[in-house]
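Could you put the whole structure together from the sequences, leaning on the hints where they help?
Protein chains: 2
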Amino acid sequence: MPSPAIKRADARRNRGLILDAAKTAFARDGVDASLDEIARSAGVGPGTLYRHFPTREHLLCEVLHERQAVLLARRDEALAMPGAGEALRAWMTALGGYLGAFNGLPQPFIDAFEAQTSPLAVTCRTLITITGEFLSRAQAEGAARQSVSAPALFLSAVGAAFVEDKVADYGTTPELIEEIQAFGYLTGKAPDPSRSIHKAGASHD
Amino acid sequence: MPSPAIKRADARRNRGLILDAAKTAFARDGVDASLDEIARSAGVGPGTLYRHFPTREHLLCEVLHERQAVLLARRDEALAMPGAGEALRAWMTALGGYLGAFNGLPQPFIDAFEAQTSPLAVTCRTLITITGEFLSRAQAEGAARQSVSAPALFLSAVGAAFVEDKVADYGTTPELIEEIQAFGYLTGKAPDPSRSIHKAGASHD
DNA sequence: ATTGAAACGGAGAATGTCTCCGATTATATC
DNA sequence: GATATAATCGGAGACATTCTCCGTTTCAAT
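Line by line, the protein sequences are chains S and F.
Number 98 in the working numbering belongs to position 98 of the first sequence; there are no gaps in the numbering.
Number 93 in the working numbering belongs to position 93 of the second sequence; there are no gaps in the numbering.
It is possible that some hints are incorrect.
[Claimed, not checked] Dumping the calculated EDC-like pairs for lysine to aspartate or glutamate here, alpha-carbon to alpha-carbon at most 20 Å:
1. LYS166/S / GLU178/S
2. LYS189/F / GLU175/S
3. LYS23/S / ASP165/S
4. LYS189/S / ASP165/F
5. LYS189/S / ASP169/F
6. LYS23/S / GLU77/S
7. LYS189/S / GLU175/F
Simulated from the structure, these hints should not be mistaken for lab results.
This is how it looks when you write it as structure tokens:
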């Protein structure tokens with residue numbers, strides 16, 4: 001089922017070999033791994049690689065597919081959680097894990113959105129949609145702040161993923177970065193304009 | 001005194017021409033602008049550029065110097081603020097502005113820390129130190145959460161800068177990203193590690 | 001004006017992306 | 001099994017970019 005539309009066996013085999021090599025190379029060298037090198041280690045010519053995957057993004061997108069299955073499983077786990085805030089946080093953690101799959105992944109991911117031609121763009125939009133679902137639920141429960149939007153939250157996750165590769169060098173941890181995202185670095189409450197509109201929850205200290 | 005140690009007039013002049021060209025190129029094409037193209041538009045050969053600035057980071061670092069003056073001025077403004085939380089937030093905003101000076105700046109910046117050879121590394125460490133000063137003050141006042149660390153906060157700012165170029169494409173704003181950083185996306189309070197930690201918790205059987 | 005050293009600049013090596021097209025090979029058909 | 005044909009392969013090579021080497025030029029001290 002990896003490539004249903006491909007007729008010839010050699011093409012299907014080569015496609016698989018390329019994907020395997022790419023998976024290894026991206027994991028080792030990050031998303032900027034040399035494509036010709038990937039072709040070489042897959043035992044095919046560069047032309048074969050580029051026929052199967054016209055751009056680096058196409059290849060990357062395919063390689064990410066199995067990671068997406070994991071991510072969606074984690075989404076389902078999160079959906080089963082009782083608290084919407086807890087669920088949102090679990091989803092954000094899962095999203096961070098996905099975006100940190102390969103070194104440098106946030107860059108092509110964020111570029112994808114601008115260029116609609118990229119196969120990553122649809123994935124990108126899907127993730128924003130899912131994020132929005134968790135966010136809406138959490139906002140309805142009062143567990144998430146009203147002024148937060150799904151795109152902004154997604155971008156925050158991308159930004160966190162961008163730096164999470166390097167936390168060790170800086171003597172900190174991914175957990176702390178995520179905690180800052182979730183709760184902020186300040187202790188006070190945000191000036192929340194939509195707060196007074198919806199609810200009468202003016203119960204603060 | 002842009003180049004005090006340089007003896008010959010032509011060398012000093014060329015250095016200035018290269019810096020001007022680089023400033024323009026980085027502003028227009030981002031930090032990945034072609035160095036040979038910068039040399040060309042400065043009217044010098046590639047060899048001349050690389051003699052003055054052995055790596056892209058060296059060139060970038062020099063170009064950033066005038067931006068640093070602006071940043072330090074903003075730090076002083078922030079220092080004059082009455083509230084330490086307010087000051088910290090102002091500093092984080094200023095930091096975001098600095099890191100967003102050129103498209104793609106966060107990448108070399110974050111790479112600099114790993115590789116101690118980069119001239120950006122010292123800038124990087126300086127910024128972490130300054131961030132730490134604002135943070136400590138805010139924590140002493142109770143305006144910032146205790147578990148936040150200076151490196152983590154700096155990395156958060158870098159992550160935010162990474163995505164701030166793209167906020168428009170995603171239909172959101174830099175302000176919202178910064179607000180999420182400051183106050184979090186959740187409404188609740190963070191688990192505070194200063195209290196006794198309950199561990200070995202078997203959540204499900 | 002002479003001269004030694006500093007600086008210049010461009011050819012080119014190394015690396016990486018991506019394309020073109022003649023050679024190869026799988027598969028349907030007989 | 002042999003043949004035909006169309007899909008697929010693969011690598012030479014065009015192009016871009018980084019960075020170096022070294023013969024030539026230019027400055028400035030005398």
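Each hint tested on the structure:
1. Simply put, LYS166/S and GLU178/S have alpha-carbon atoms about 14 Å apart, close enough for the 20 Å limit, and the pair holds.
2. Using a Cα cut-off of 20 Å, the hinted pair LYS189/F and GLU175/S holds, with the two alpha carbons roughly 16 Å apart.
3. For the suggested pair LYS23/S and ASP165/S, the alpha carbons sit about 18 Å apart, so the restraint of at most 20 Å is met.
4. Distance restraint check for LYS189/S and ASP165/F: the Cα-Cα separation of roughly 27 Å exceeds the 20 Å cut-off, and the hinted pair is therefore not satisfied.
5. With a C-alpha separation of about 28 Å, the suggested pairing of LYS189/S with ASP169/F is violated against the 20 Å cut-off.
6. A C-alpha spacing of about 26 Å is found between LYS23/S and GLU77/S, which places the hinted pair above 20 Å, so the restraint is violated.
7. As the CA atoms of LYS189/S and GLU175/F are separated by approximately 16 Å, the hinted pair is consistent with the 20 Å bound.
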